[in-house]
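Following the hints, complete the assembly by docking chain B onto the known chain A.
These protein sequences, in sequence, are chains A and B.
At position 213 of the first sequence (counting the first as 1) the number is 213 in this note's numbering, and the numbers step up by one without a gap.
Quick note, this note's numbering runs 1000 ahead of the 1-based positions in the second sequence.
Because the hints were derived from the structure by calculation, they are not lab data.
Just so we're clear, the structure is a prediction, and the values are computed from it rather than from any experiment.
Check the hints yourself; a few may be wrong.
Keeping only pairs whose Cα atoms sit at most 27 Å apart, straight-line, the calculated DSSO-like set for lysine-lysine is [as the list claims (entries may be wrong)]: (1) Lys-1139(B) - Lys-1199(B); (2) Lys-1294(B) - Lys-338(A); (3) Lys-1294(B) - Lys-22(A); (4) Lys-22(A) - Lys-1285(B); (5) Lys-336(A) - Lys-1294(B); (6) Lys-335(A) - Lys-1285(B); (7) Lys-1199(B) - Lys-19(A).
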Amino acid sequence: MEKEFHHHPSRMPDNSAMKQQKLPAHQLHFSARVVLTIFFATGVFCFCMGVILILSAQSIQEIEINYTYICENCAKLRENAFNFDQKCTCSVPFYLQENMEGDVYMYYKLYGFYQNHYRYVLSRSNNQLVGKDIMDVEDCAPFKVSQNKTPIAPCGAIANSMFNDTIILSYTLKSSVHIQVPMLKTELTWWTDKYVKFQNPSLINLSDRFVGTEKPPYWQAPIYELDTSDPGNNGFLNDDFIVWMRTAAFPTFKKLYRRLYRVQYFMDGLPAGNYSFNISYNFPVTRIKGEKSVVLSTLTWSGGSSLFLGLAYTVTGAFLWLASFALMAIHMTMKKKKLSYRR
Amino acid sequence: MGANDVSMIKAAHIGVGISGQEGMQAMLNSDFAFSQFCYLQRLLLVHGRWSYNRMCKFLSYFFYKNFVFTLVHFWYAFFNGFSAQAVYDTWFITCYNLIYTSLPVLGLSLFEQDVNETWSLHFPELYIPGQHNLYFNKKEFVKCLIHGIYSSFVLFFVPMGTIYNSERSDGKDISDIQTFCLIVQTSLIWMVTVQIALKTTYWTMISHFFIWGSLGFYFCILFFLYSDGLCLMFPSIFQFLGVARNTMNQSQIWLSLILSVILCVIPAFGYQFLQPLVWPVNVDKVFDRINHCKTRPPQVRVRTKLKHPSLRRSAYAFSHKQGFGALITSGKTTKTKPNKKNSFPVKK
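If we strip away everything but chain A, and leave its shape as in the complex, we get (with noise of 0.2 Å):
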């Protein structure tokens, strides 16, 4: 038998602590303290910080103006896609009850508009968009190139319906004086889509770099004429066309449109008093059966006036705490019932 030892190599495995399952270990083992612990310490932080986040949207100023069919005459004339070229204002007056102080943004809200379908979310370029590549066209479908062969820029579905309302907000300072409250038209977007992510093809002459491209068919101007007063807002790098291509998660959402211009009457922000939205609608929701409306808005530390994520902080803090208790209470049963059986 020692013979055969010596001729066949040993193939037991090596007496090494991973290869024997011997490795240093900590046992995790959690005691009912230890739970109990936790569901409690959960439930207390849980509750605390619902009760902070509800505190700091309920201290947020919003009002919002659906205007879709306040302004009857012009979402009739819209319904009708060969009124394109006319143009239609309306004007919607409301009342501000309290001061809105401090940073007061407006945004434009869509009701049903769906930038998250799957094909409209793929139908971009972004080698366009960028400023390597404008005769890239290859992602846009169906809005690639015109009827005369030319390529779009900027092409596919989401730069095709960006959104042309303008919205002029205006305050009246006294009985028949009415001002226009200055909006600022600028950084409206994230930092990173403005300076890396969208640039223009060129500095200086942004209509020859364009030379060879056509404006998207529901387009009244060509991209390069957007905001001919400011380069640094025009072509692809025009903050409301950027917000717009940002598309959105979910079929209502807002957007950023103007942010207030703290000077003159507004140095605290919007004071209460008569207002009234200027609008030259041209967006036609109708026919999709959604709605639009404006928002103007204050805001904290944790966002929007969303109540949610306060709420469900809220009631998972007061649900945690409650089984903590009565995890406790059946512990305690159970450990009765085990210490009078083992007597």
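Just chain B, lined up with the frame of chain A:
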């Protein structure tokens, strides 16, 4: 062992061969082969039991993580016009099973031990769950599915509620699809990591490295895939430029992540605590005794009652199909002999 045992070994679910003086044939046809009868005890009670335990944990965890991953799209379908828009970045879908969650599962399957080998040998009753198919059966699979459906519900609706009508603290956009994808992805990775951390009872250094390392690796890959350099080189392939940087500094994102993880993990955690108390199985009582013994100072070795001592046999074949296991372990097929120390104790 003789060649007449070969057919028995082949027919069994697990055939064990003991190399000896009767030739190599039985050994070559068996699943396990060793040289001494006494090693059979360790094969069954230690390694076999651990293997069953690891397999069941692996299966239930693997099904769970894939249910959560996929079922989120079911909830999203109601909000994207049923157009099959994915809730994740395509690169995340590629890397999820391959890179982000493969190592922790591997660690669990290789190193997990519910009790160490000494206790396994002391308490052979711990082998019973394997015989009765307790740790992974249709009921456990359904529990896994329900947990997965509930987790996917939380994983979708908590981020949705957070960003639905919300903006960043400086007024800019947060309710776009790329941010939503990022939040859901990150919450998912955290959730499955915490879940496997709770499932792992035997924490070696390698387990720590695999689990926390995978999480850290996810964040590294995330920042790499969403970096300026890569996205500018291939703009049509890497489209999420800047999303991580612009979203991760918002407190509401982290709060939503913490809430999703708490809501998903706490029910499982509570159930894990409650189940041995309220619906105990026989094995739970053994675990209680083990924990009791561990906390007390070492005493005289606890000897279990021997009812039917077995005979030294030349071959063993085990089957977990109905009928054979009961027949073999009942001792009806062996001759009775007086009590022997250190022999394989069989309980009915």
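Cross-check of the supplied hints:
1. Lys-1139(B) - Lys-1199(B): Holds, because 18 Å separates the two Cα atoms, which is no more than 27 Å.
2. Lys-1294(B) - Lys-338(A): 18 Å, holds
3. Lys-1294(B) - Lys-22(A): Measuring from Cα to Cα gives roughly 18 Å; hence the hint holds.
4. Lys-22(A) - Lys-1285(B): Judged against 27 Å, a Cα distance of about 26 Å means the pair holds.
5. Lys-336(A) - Lys-1294(B): 21 Å, holds
6. Lys-335(A) - Lys-1285(B): Answer holds: Lys-335(A) to Lys-1285(B) is near 13 Å, not above 27 Å.
7. Lys-1199(B) - Lys-19(A): The given pair, whose Cα atoms are some 22 Å apart, holds under the 27 Å limit.
No hint from the list above goes unmet by this structure.
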